[in-house]
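Chains as they are written, first to last, in my numbering: chain B, 1 to 694; chain S, 1001 to 1202.
Quick caveat, the hints were computed from the structure, so don't treat them as lab data.
C-beta: ideal position from N, C-alpha, C; glycine also.
Hints are supplied without guarantee of correctness; some may be wrong.
Stated by the list, open to error - Away from chain B, derived, C-beta distances all over 10 Å, residues of chain S:
hint : residue
1    : ARG1004
2    : ALA1051
3    : GLU1057
4    : ARG1073
5    : GLY1119
6    : GLU1120
To be verified - Here are a few chain B residues that face chain S, going by a calculated C-beta distance under 10 Å:
hint : residue
7    : VAL82
8    : ALA85
9    : GLU87
10   : GLU91
11   : PRO166
12   : GLU167
13   : THR181
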Amino acid sequence: MSDLVKVNVDGVEVEVAPGTTILQACEEAGAEIPRFCYHERLSIAGNCRMCLVNVKNGPKPVASCAMPVAPDMEVDTKSEAVQAAREGVMEFLLINHPLDCPICDQGGECDLQDQAFGYGVDESRFQDNKRAVENKNMGPLVKTIMTRCIQCTRCVRFATEVAGVPEIGAIGRGEDMEITTYLEASLSSELSGNVIDLCPVGALTSKPYAFTARPWELKKTETIDVMDAVGSNIRVDTRGREVMRILPRNHDDVNEEWLSDKSRFVWDGLNTQRIDSPYIRKEGKLEAVSWSEAFEVIAQKLKGQESNTAAISGDLACAEGMMALKDLMSQLGSPHLECRQDGAQLPSNGNRANYLFNTGIANIDDADALLIIGSNPRREAPVLNARIRKRWVAGNFPIGIIGQDEDLTYPATHLGNGAETLAELASGKGSFFSILKKAKRPMLIIGQSALAREDGLAVLEAAIELATQSKMVSDDWNGFNVLHSAAARVAGLDIGFTPQEGGHDLEGILAGATSGDVKTVFLLGADELDMSRLGDSYVVYVGTHGDAGAHRADVILPGATYTEKQAIYVNTEGRAQMTEQAAFPPGEAREDWKIFRALSEVLGEKLPYDNVETLRARMFETAPFLAGLDELTDAGMPDVSSLTIKVPLSDAPFMNNAQDFYFTNPIARASKIMAECSIQAQARNISEGTGTDG
Amino acid sequence: MSVRRVAENQPDDFSFTKENISWAKKQIAKYPKGRQASAIIPLLWQAQKQAGGWLPEPAIRYVAEFLDMPNMRAMEVATFYTMFNLEPVGEHFVQLCGTTPCWLRGADTLKDVCRKVIGEQNTVTDDGKLSWLEVECLGACVNAPMVQINDDFYEDLTAEWFEKILLDLKRGENVPSGPQTSRKASEPEGGRTVLKSIEGDA
């Protein structure tokens, strides 16, 4: 192409788009440029000066991160002059940087340490006192040692640009410049932990992880997060059998390189409140027993009542566990399966497009109008919300909202509170309809709050109707999106963990349990139910934490969390991803599918798989799209024909799930760090008097 | 320069007077729509004037809200510019130039006077009348040494005369500003030496 610019870097010729910075061109040419303030996902600051290069015929070295390329530029990144310039910059940076690497948590993964290796001089010429800076409070997650700060302002730019909560800033100036929040208030963003990764030195470090481990002694396992339905790619660092910390991994189509605070700091919940042995309730008290004893008790209870058994799976269940439980139930002859423990009226048959985030997270970048229906993406999927914000920052992106009007970190036009506004839009009325209609690639996001109500299916129908009316769905663009909040949900729907022929749905199971028609209920990590409605039924809880389900249970079977098993989870887009085992489950705990396989043998209904491969082969028969890991399969178009609507639209407003962001699942509820965050968030809400965040 | 922090004791709240609100709106109108944050410096300055020469924290917040910008951004501006006093100042706020020309002409003796009459830098006298701060060059080197008291320059000072000015101000007397000798503006001492007449003049 002729509009590319030719640049010569150290004798290597590259062609780059006009407007590319010298630094990017150098990377293209394979030359590594040291940097502190530059970050490809943030705006350019150009203040650390570490990326100096020489440009031929230039009067002095230039900061390559901030200088666009010019045609036929000749860049030199390796000469002695460049080395000397960078050494000069490094010497200045080190003047005020403490030499406390041995007691610094960043040690071993510090940009300054690494680059000082290449550009540092071997002795200090600085004779005076180094400056010292008071540490600042930033809340329970981010620890500050501000003397180490080199004022790159990455954290300031992240909070302002990506998180959309401009609460970090630089006060004072020159030597006295200090990074702080307004009057040292705690960070309120759900993405605040990312400033720890961004900080190139040890000024901002993880408070909960402080002084617990060194990076080189940790085993790193690349896996998938399950705290929300985004399926963020993470790295779990373990020492021995203990998870020490969780970090994001880059995946451009999912989480870029960000991670929500819940996903990052939930790890202490993995070690507390754990169920480490099977338990049986005897005379009201739980008693630890052996696996075989627990299985025997269940077998006796089930005898003759097999078809009066129901199973509900929770928000963190993996596809393998649900598949095994589903097979077990069908062998027992029970049709009562339910994976939508929140009561969301998601369609259980056939068309995946009716319940997926069809646009895909990465394609939000291409959308040009957005309608949010009954959802708060900031709480339900913070990383996805950052993606929406990124699109909004790029400009020309009208956003409308039906439901509660909350602060989403970008402005949105509040169109109405409930279904009547949606119905009005679907019938082609209202100014926002013409915005959607005019847009080339409009999209809508419908949340669980709009679906988890009696008229949920009618709401879904109206939304699909609106999508069709406003031409959101075409051959090359699918703007109809369901935003899930539970990591297990899509896989559950994919493999059909829903009422089979003649089976009860959630309401039916709970009503049956109350009335005594449903004798036994299997809970696969389902804790967010109204346990009082389980009546006198016999409850078998398979899960990881001593939460609501375990408190109600008559038999508890200990399972494995997402860091302790290799398992498939499907994110809200329908992207199947596999977690890897980073640690071992505690005590007697086992992977869910193994528990059901073993139980099936005792029940005399042996499941036909002896290893996870056979189980997966069986699963891929049911849901072939799960086989392609990290691939998106086109789900086609959403359609209303398969929906059987029993309850017409009501005019009750869409109320966003009031559940505390930091307490949405049993692991988070067991986490002390999450509890601290929750307290802080509540205090903020009281002082602001909004009651909406958090 | 040293680390500047907001004062420990702060008023409960702050809001512009009616006149200042309409004044502020006029300032904002100078900038394109949506760029109202550009008016941050004039508004903070006006807030400082209204609050008695210093900028309380509630005023920083108030101005940020007035301009629909994050509190933190306003705090950055207020702490960046030393013209914004983050702690209370006296009714007569003395900014004493200590940069080379004034220093050569005896700024140090003026500092001693300040210490004697007022006390240490950044402290307000008990009666609330006076406080002082050493600043960098105020651009009146020709009339060195000099100080700025509130909005006015007091130039060609001697230690004795400066002490008298301070004591007069303390008593609430009116002190004329400008050069404190017979000199007019920045003309040479003893009157003009050149250009005494213009050719063709009578």
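Structure-based check of all given hints:
The beta carbon of ARG1004(S) is not kept farther than 10 Å from every beta carbon of chain B, the shortest such distance being approximately 6 Å. With 10 Å as the threshold on Cβ separation, the claim that ALA1051(S) sits away from chain B holds: the shortest Cβ distance comes to roughly 18 Å. At roughly 7 Å from the closest C-beta of chain B, the C-beta of GLU1057(S) falls inside 10 Å, breaking its exclusion from the interface. Under the 10 Å C-beta cut-off, the non-interface status given to ARG1073(S) relative to chain B is violated; the minimum distance is some 7 Å.
Non-interface call for GLY1119(S) relative to chain B: holds, since the shortest CB-CB distance, roughly 24 Å, exceeds 10 Å. At the 10 Å boundary, the C-beta of GLU1120(S) stays outside the reach of chain B, the nearest C-beta of that chain being 20 Å off. Annotation: interface hint on VAL82(B) violated; nearest CB of chain S at approximately 33 Å, more than 10 Å. Here the hint on ALA85(B) is broken, as its CB sits about 28 Å from the closest CB of chain S, past 10 Å.
This hint is violated: GLU87(B) has a C-beta 28 Å from the nearest C-beta of chain S, more than the 10 Å allowed. Annotation: GLU91(B) was flagged as interfacial toward chain S, and the flag is violated, the nearest CB pair being 23 Å apart, outside 10 Å. With its C-beta approaching chain S no nearer than about 4 Å, PRO166(B) sits inside the 10 Å limit, and its interface hint holds. Taking 10 Å as the C-beta cut-off, the interface hint given for GLU167(B) holds, the closest approach to chain S being about 6 Å.
With a least beta-carbon distance of about 7 Å to chain S, the hint placing THR181(B) at the interface is held under the 10 Å criterion.
Hints 1, 3, 4, 7, 8, 9 and 10 from the list above are not met by this structure, while the remaining hints are.
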